[in-house]
Structures are given as C-alpha cells and as structure tokens.
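S.K.: Once you've looked at the hints, dock chain B against the given chain A.
2 protein chains.
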Amino acid sequence: MAFCNEHFLELQGAYLFAEVRKRAEAYKKQHPDADIISLGIGDVTQPLAPAVVEAMTKAVAEMGRMETFRGYGPEQGYMFLRKAIAEGDFKSRGVDIDPSEIFVSDGAKCDTGNMQEIFSDTAIVAVTDPVYPVYVDSNVMAGRGGKFVNGGYERIVYMPCYEECDFKASLPVHDPQIIYLCSPNNPTGTVLNRKDLTQWVRYAKQTGSVIFFDAAYEAFITEDDVPHSIYEIEGAKDVAIEFRSYSKTAGFTGVRCGYCVVPHALKLETKSGEMVSANELWDRRQCTKFNGCSYIVQRGAEAIYTEEGRKQIQATLDIYRNNARVILEGVKEAGLHAIGGTNSPYIWLSVPEGMTSWQFFDFLLDKAGIICTPGSGFGPCGEGYVRLTSFNTPELTRTAVERMKKALKEIK
Amino acid sequence: MAFCNEHFLELQGAYLFAEVRKRAEAYKKQHPDADIISLGIGDVTQPLAPAVVEAMTKAVAEMGRMETFRGYGPEQGYMFLRKAIAEGDFKSRGVDIDPSEIFVSDGAKCDTGNMQEIFSDTAIVAVTDPVYPVYVDSNVMAGRGGKFVNGGYERIVYMPCYEECDFKASLPVHDPQIIYLCSPNNPTGTVLNRKDLTQWVRYAKQTGSVIFFDAAYEAFITEDDVPHSIYEIEGAKDVAIEFRSYSKTAGFTGVRCGYCVVPHALKLETKSGEMVSANELWDRRQCTKFNGCSYIVQRGAEAIYTEEGRKQIQATLDIYRNNARVILEGVKEAGLHAIGGTNSPYIWLSVPEGMTSWQFFDFLLDKAGIICTPGSGFGPCGEGYVRLTSFNTPELTRTAVERMKKALKEIK
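For the protein sequence lines, the chains are A and B, in the order given.
Take numbering that gives the first Met the number 0: the final residue in the first sequence is number 411, and no numbers are missing along the way.
Take numbering that gives the first Met the number 0: the final residue in the second sequence is number 411, and no numbers are missing along the way.
One chain only, chain A, in its complex shape (with noise of 0.2 Å):
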C-alpha cells in the first residue's frame, strides 16, 4: 500500500486567505445586492508598468521567429536578470552581490517554501508571532512542526511580537536553526532598522543558526534607517539567505516572477563536521526540481530596472502609498489604534475592545462591506487585530475608509 506523508495532517485547518475567500463567498451569497470592497488578500489592482508589458510583448514576439527563438533557460535565471538584480537592488545600496549567488524564480512563495529542503529535518524552526503562514506550513509538511498543542506546532519556536515592544520579537530562548524575518512585516507592517537586524546577524553567527531573510515588500521603505536587504548588515553573507519577490514592486502577483540570494560565505554543517555550501546544494536542487522562470517573464523583471521602469513602477508605488496614508488617516479618525502603513503596504489595525479578530471581520463585513484578514489567522498573538491592505485603487480605497469610519461611530 502507498502510504502519505502524514506531515500534511497535521496542518491545521484550511489556508487563512481561503477561509477569509469562504467566508466572504458565504456572505456574497446572502447579500447578492451588497456591495463589497477588499482591503483583505495582499493582491494588487494597478496595471503592469508600460516599460514591462513593452518588454514582455517583444519577448513573445521573439519566441515566434525562428532566429529569435529560446528554448531551455538556465535554471537559476538568465544572467541578463541576474546582473540586473545584482547591480539595481544591491550594488546600487552598496552591497557587492554576485550574479552567481542569485537564483531567479517564479515567486518568493515557492522559494520561502522550497528553500527548507536543503536542511536537515531535524532543523529546529523559529517564526515570529504573527507570522505569513507559508513558513510555518511548509515546515510541517517536511515534518519540523510536530503536533498542533495549545495554538501552535510542538517542535517549532515561536517569538512573540508584542504592541509593547513595536512588535519586534526577541531573541530566542532555545537556539534554532532556521529563523524566519520578515521586513517590512507581513501582516504587521513593521520594520526591522538597522539595529535590529545588527542584532540578529549576530546571534545568528553566535549560535550558527541560518536567517531567512523575506524581503517582499522593501519597495515600500521609505524611511532612512531601514535596510533594504539584510546584506547591508556587516557579516550577514555569511548567516543569511534573502528572499524578493516583484508581485508587490511591479504588480507581478499574476505573472509570477521573485528571486532568491545564497551567498557564496554560507555554509551549512553535516553531522560528521564538514563544511557545505548552501549555494550549490540550492543549485543542485532547482536544477532537479526546477526548469527556470518563463524567458518572456523575465524580460518582463529586466525592465522593471530601467529608468523608465523604474519611474514608472515608483509612480505605482506612490498611489499604494498614498492609500496606506488615507487608511492609517482614517481608522485613527475613527478612534481605533493602528500600525504600519510608513514603510509597507499593510496596515495592522486594533479592533474595538471586546472583539475579537473574526467577530471584526464580520462586523466589517456586514456593517461596512469591507473584507480584511483577521489578524489571528496569522498567529495566536495576532488575536485583537486587523490586517488592511493598501491595494484597492484610490477611489475605493477611500470609499471603504468612509464606510468604516461611518460603522465605527454607530458602535462608540
């Protein structure tokens, strides 16, 4: 008999984003009439910039003709890209990547998911509190999550991030081997500065554990003490892998397009004390499980890196920006506490005293035609909060910042 890989039944009940896509289908089905906006799942809703859909509509047309035509693409990426990545997101912040350290992709979640295969399966795993849910799946699919006791997976090490401590979580206790950050955070839209991340380089290179590094949303930085990667931290090439992704920098969420970084320095142990290089077990494992990012996608990502890309995507950027400023604006109108917004696309909202995240989410819902993520879906500490996303389009945007206002004061 085939036997599963029991792993995938520990998992605890479904995917948060489609448990919120139930709940609002539910509700839609109900409400035919009801006239709903999403402030919920992280999708965004502005075009691709002109310089990409110009790039990408050359490509096709070049896999048409017989002269032009590509077949195969290397597996980590074409070197077009990746001297692209290395001189626009790094070289440009004063960090000397090689392009041979750089693995293009089709998404940052297949890379923040597959990477953990590399280790051992006995890693010992550390996530903040709230956290993106992939990390921790993943995990427990491979079988470092264990059982699901008292709201979290036995064998993994989670770190609370609290209001009082700007949501930052501290230094782990029990030494694990895999810590997952994320900066600017999703779901709390907080960042990590240069300090913070000093602090975690050094305990990763004290205690030998490996960071892993998810840098999404760095395109939403706009304060100046907030690295952009994790490499402008002295020594972070040897203890860090870094994960981008251009779904939220250049609307890439339906043409799927990320990378990762594995510096050369990292090394990973075997039991018996030798040394490995991570970069070359990475490679080794997209070249087997892997078959390159569409040729016609990446054209798309180079052109993100010319001038006029890059103007154009910042122009993109901007009206993003500015709606995380009409929401943050407009619940602390409404009187409620909220966070983020500054240096991300998320704002991490308190609900109203005697709620919890779910009961808000369908007072939003139906008070104001609004979907949001609760705030629990992503971890037990992000119980008493809202994420609200930053995504719509301008005009809706403010329309749901009205309604929400309007249903908050039928409640004081």
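These are computed hints drawn from the structure, not numbers from a lab.
Please note that a few of the clues may not be correct.
You can't tell identical chains apart in this list, so a pair holds if it fits in one copy or across any two.
[To be verified] Only pairs whose alpha carbons sit at most 20 Å apart, straight line, appear in this in silico SDA-like list of lysine to any residue:
#, residue 1, residue 2
1, K21, C286
2, K146, K270
3, K270, G145
4, K266, F2
5, K57, P46
6, K21, Y77
7, K270, D223
8, K21, E279
9, K310, H227
10, K146, D120
11, K270, G142
12, K27, F362
13, K366, I35
14, K21, R283
15, K27, E61
16, K266, L10
17, K167, R201
18, K21, P132
19, K146, V275
20, K270, L8
M.R.: Just chain B now, with coordinates in the frame of chain A:
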C-alpha cells in the same frame, strides 16, 4: 549549527545534461572553429505557433490595462485552461477527467520532482533502467535513495529494460509503493501499448502501489495501439497520477507550462489505515508552496486547444517527426542498430562494438561534430547506447546524419 539535508550529498556526480554541456564546451574551447550540431539535449528549435503568440501578446496587453489586469490566479490554474485540457486531451479520447483533477504548473519537471512530497518518506520507489534522472534524484534528495552502491541507490528498485524485451520493464519482484513509467519513453523512444499498461494498472491495484505516468511525449504517438493517457486503461484512476507537458508538444521549453492529473479516486493510506485523497494532499501542497503559473503563459497554453492552434502545432511536430525518420534511416544505412523515433522524438542508438557510451560520445563529437547524450547517463542498462533527438532543424539534422555516416565509414 545549521545542518544540511545530507541526502543531497548522496547524489552522484553532476546532472547528466550539465556534464554533456561541460564536455561540449571544453571541446569547443580547444576547437574554436568546429561546427557543432547538437542532437543531445531534448530542446526544441521551432518557434511558437502563431496562435500561441497571438494569445500571449493579447494577455500581456490585458495585464497593462486597469480594466483587464489580473493579479493572483488560482494555484491550481485558471478554469479556462483546466476545462480546455479536460475537453481537448481527455474527453476527445473518451476519458472522463474532471477539471478539478487537473493542476496546471510551470512544467512537468517540477511536477514529477515535487509529487513525491505527498508520499511517506519511507516509500519504496521503482524506476526503469535506463531512466530520466529527475525521478531518481528527487527521491534521493527526499531520503528514499540511500547509499550509491554498484551503480545504483540501495533503496531504489531498478527495473532493467533490455533490448531483448523491447526495452520494457518486467514487474518488480519486491513490491514498490511508487512506480515511475514514461511512455513514449525518455530515453529509449519506446512505448507501452494497451496490453502493457493494462498489466501495470492491474499490478498497481493488486499491490496498492501508485504509478507516476509521465506522458510528456504523448504528442509524438503515431500508432493506434498506444494509449495517449494511462486513464484510457480501466481502473487507472484508482492507481495513477499522470504528468503532461507543453514543452515538446508546443515548443514551451522556455515558456514553462505543464500539468498533472491527480484523480479524486486515488487514495493514499495512513499508517493507522485511514484513506486520504491524493488530490486533496496535492492541492494543499500547491496552495502552500506554489502560486500558480503565469496568466500570460496559461493563455498561450489555452490557444493550443483552438482549431488553428492544433493545426499549427501539428505542422511543427511533423518537422520533428520527419527529422526522427531521417535520423533513423541514416543510422541504419550506416550499419548501426537503433530503435525509437516512431512514437517519439528520441532515437536510441546502439554504439559500435567495443565502445562505451561516453567513448562514442567523444567519437561523434570529434569526428562528426555532433553532440549526443550517452546512454549510460540514464542508468547502467543505458551503457552501450546513445540518445539522439529529432529537435534540431531539418537542415542541420540532415547534415548531422551525413556527417555521422561518413565518420562511421572510417571505422568500418
């Protein structure tokens, strides 16, 4: 200290095609004027069909306009494509597959590499010898290989395919839980007919094993008695997962799209005897670690199923089919023995007596300027053969065959 997944270190040597590329590049460096023709890696050369180009150009334009922009798509693929697949690849052959059983991805290499994740890590894996290396390597990485001893991994069941048995594997003596079958076969170019597949489905039912049926080369089938899908065999939905690819069918090697079928009827067992839906497990895997195939690419794939698209890809396939015929006839004229090429883009060529696969590789490169793939790279039973592909242009294929004939005359 962070420990690595030591199963990666059990992997033998470099990936076959990387080794071929390395040797070819070394030769070119020494002979900069050499005019090399590749019949090695299975990569296509003909451009995309006009219907595909048109559909993707339109999709790119859609993504550039607010009203038609699309963000995250379903992790399982868009329903427009899943329906086109159910209709065009299955219903048209009398097979009833529900769209919810179809999962669209960025290629069959990813799917065949990742599918093992939903199975127990103690599952015994059976592969044919010779075999496409990804099946073996992805299982070794997951810990199902064990040590490499006497030309094979100790925990993998190898099913030798001898010329005397038409390169068809016998049923394994020890019952495996996962059986990889590829028809039309890579690398031997042979096929499993209705009788063969019926036998495998019966065996899987009886022993409770699951068949991974790789039908990536299905479009090359010309003979009537050869099933295009394993689901043409009664009862196969209870025991088989099927993998399909647009890479060779429609020149998508650089575009990246494929799909797999995980029937609702297929159940895996837990150690305590419960039955779990393989479809639900794979769905959970994809929702957690994959974010859907690019919208643009899926529109391109959809166009393959239009009347126009179908005709266009058949015209391209005819070019490759004709190349296969030219190679097959040529090597036979040169006095060599070869099979495949009829239902497959691959020709499996016996090397001249007294030579090994790699010696003949060097001979063809040096004396005829031709790159092939040494059969021994596909497994011990591949020794004494090389694989030739029909994916080059008609002109270069003819030139290559003439050169081969000339070179072989000299050693007679």
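S.K.: Can you list which hints this structure breaks, lowest number first?
M.R.: 7 and 15
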